[in-house]
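K.L.:
Residues per chain are reported as follows:
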Amino acid sequence: MSPFTKLMAVATIEFRVALRNRWLILATGVMTLFSLALTFSGAGGLELKAGILTLAAASLATLSVYLIPLIALLISYDSIAGEVERGTMALVLATPISRGVLLAGKALGLIAVLAIAIAASLTISSGAAIFAYGMDMSGLAAIVRLGLTGLLLGAVFVAIGMMISVASPRAGQAAAVAIGVWLVATVLYDLALLAGILADKDGVFTKTLFPYFVVANPGDAFRIFNLAGLENAAPVSGLDGIANTLPFSATYALAGLFAWLVAALAAGYFQIRRLTP
Amino acid sequence: MTAGTPILQIEGVGVTFADLKALQDVSFDVAPGEKLALLGHNGAGKSTLFKCVLGFLKPAAGRITVAGDAPGSDHARRSVSYLPEQVAFPRMLTGIEIITYFAKLKSVDPKEALPLLDLVGLSQAGRRRVGDYSKGMRQRLGLAQALIGKPDLLLLDEPTSGLDPVSRREFYEIIDRVAQEGAAVLLSSHALTEVEGHVDRIAILSKGRLVADGNIKALAEAAQLPITIRIKAREGQADALHDRFGGTRVNGRSVELSCEPGAKIDLVSRLTERREEIDDIDIALPSLDDIYRFYSNRAEKGDAA
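Protein chains in written order, with this note's numbering: chain G, 1 to 277; chain D, 1001 to 1305.
Keep in mind that the hints were calculated from the coordinates and are not lab data. The structure displayed is predicted, hence computed values, not measured ones. A few of these clues could be false.
Computed footprint of chain D on chain G; a stretch qualifies when at least three of its residues, placed anywhere within it, have a C-beta under 8 Å from a C-beta of chain D [stated by the list, open to error]:
hint: 1; stretch: 16–25
hint: 2; stretch: 65–76
hint: 3; stretch: 79–89
With beta-carbon atoms standing in for the labels, derived distance ranges [as the list claims (entries may be wrong)]:
hint: 4; chain 1: G; residue 1: Leu26; chain 2: D; residue 2: Phe1017; range: 36 to 42 Å
hint: 5; chain 1: G; residue 1: Leu183; chain 2: D; residue 2: Gly1014; range: 57 to 63 Å
hint: 6; chain 1: G; residue 1: Tyr252; chain 2: D; residue 2: Gly1012; range: 53 to 59 Å
Beta carbons are placed, not taken as given, at the ideal position from N, Cα and C, and that holds for glycine.
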C-alpha cells in the first residue's frame, strides 16, 4: 500500500478517536458559543459604515488568537506521549510505516477536527447574523478569510502540540509544556512587546523591529493579517493598531504562519525518528 | 531465502543503559518453523533484546539481522510481527477497526486480515470497543494483529501472562499452526513450566547474559541435577534404612535420598535388596523450575566470583 493510503489510515483513526473522545463536539460547541456571542454583541453598537459580519470578523480575529491555539494544543499534546505511555505506540512503530507518515497522518486527523469545528461555528454564527440583519458581502468575505487563516493557525499549534508530545516522556509533562507554550504565545509575548515599546519610545525597537516581532508570533500574525484585510472598517486597539501601519504587505504575516507550520512539523519529525517506545 | 537459513540472527549483542549492562554478548539464531522460548526473570534483558530486534534500540555491540536485513529497516519490519507484554490498543476503537488499521499499516488487504478475528475467537466481539474487552480478549486481539500478513518472525513478549489455562492452550495451538506454516516464533516467559511442551528450544537469559540454549531434555541432562528418592519404610524400619543409606528423615516413617542421575540405577538396585524393610518408593526427577533455577543461579554465582 502506498504511503498515502497509510497516511489516510492514520488520519482516519486519529480523527475517529478524537470524535469518540468528544473532542470534536467540545471544540465545535465552545467555538460556536463564542462566535455567536461575539457576533451579536458587536451588533449592539452597529454603525452604518461597517456591516455586522465585518465587525464580527474583527472581534473573532481577536478572540480566535486565544481559543484556536488552546483547542489545537489540547487535542494534540496527548497524541504521541499518551500512546507511548499507554503502550499503543510500540505496536504501530513495529509495523512498516514511516515515522514521518505517522506524524503527518496524526496531524492531518487533528487538523480535520479543527476544520470542522471552525467551519461549523462560523457557519452557524454568520448564518444567524445574516438571518437577523441581512446580507453583508464584504463581511462574509472577511469571515471566510478568518476561517481559512484560523485553520492555518490551528494547524500551526497542532504541529507545535505534536512536537511537544513527541519530545515528552509522559503525557502529563506534555500537557504542562503545552499550557506553558499557550500562555507565552498568546499572552506573555504581547505583554513583552508592549513593555519593549514603553521602554524604548521612538527607538530602533519601536520604529523598525517591532512590526517584525509582531508577525513572528503566529497568533499575532493571524490577527494582523485579518485586521489589515478589514481596511479600517472596524475599530482596533492596542497592538493591533499596527495592522494599519505595517511597513510590509500583510501577506508576509501569512508567510510567517506557514513558516511556523513547516518548522514545527520538521522539529516533530526530527524528534519522532529518535523516539523509543 | 533458502530453507534452514535463520530468520533471526543475533551475534554478540551488548546493550548498556548508563552503568547497567542490560545485555552482554548474547548470541543465538531462530530458524523458520522453529519455536524458541526466551526465559528470564524480570529485568533479565528479554524486553531489551526484543526492542533491539524491532529496531527501537541500537545495540552498542554485536549484530542482529532479521530476514537478512538490519532491524527497523522496511524489509525487517515487513517480516516481523510483535506482540508486546500487556498489549494495549486505543480504547475507543473496535476490534474490527483495530485489525483494519493494522492491516493497512502492514500493506495487507483488510479483507484478508479480518478472518483472523474468528481464528482467535473474537468474531462476536469485533464490533465492541476495546475498552470493554477483558485482558484475555485484548491479548487475543494482539495475537490477531501479530498474525496479519503471515509474518516470517513472530516476536511475543510474555504472550500468555494473564491468560486462563483454556485460553493459553488455544493460544499455543495457534502458535503451533503458524510455526508449522513456516514462521519462526520467539516468545519470552518468566517460567519454564509455562512453555514446556510448546516450544522446540529454550534459551535462558540471566542478568543480560545467555546462560543456556538448547532443548529442555538436553539442558536437564547437562545440569546433572540430583534425583530425589523418597522411601516409605515399613513399621519400625525407618531408622535402619536411615542408618544404611543416609539421607534425611521425614514424617517419621520416610527417608529422603538424593543422588546423581548416573547413580540412580545403582541406588535403586541396592534399595530393592532391602525390599522387606520398604513399603514404597517415589522417584522425583528435577522439576522444570529446578532446571531453570539451576541455570539462572549458576550465572549469578559466576557473576559474584
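K.L.:
Each of the hints needs a verdict: does it hold here or not?
P.N.:
Right, here's what the structure says about each hint:
1. A count of 4 residues in the stretch 16–25 of chain G with a Cβ less than 8 Å from any Cβ of chain D is obtained; the coverage claim is therefore met, three being the minimum.
2. Remark: the stretch 65–76 of chain G is not confirmed as covered by chain D, as 0 of its residues place a Cβ nearer than 8 Å to a Cβ of that chain, below the required three.
3. Counting residues of the stretch 79–89 of chain G whose C-beta sits closer than 8 Å to any C-beta of chain D gives 4, which meets the bar of three, so the coverage hint holds.
4. Separation of Leu26 of chain G from Phe1017 of chain D is about 41 Å and conforms to the stated range, judged on CB atoms against 36 to 42 Å.
5. Between Leu183 of chain G and Gly1014 of chain D the C-beta distance comes to about 45 Å, which lies outside the given range of 57 to 63 Å.
6. For the hinted restraint 53 to 59 Å between Tyr252 of chain G and Gly1012 of chain D, the CB-CB distance of approximately 57 Å keeps it satisfied.
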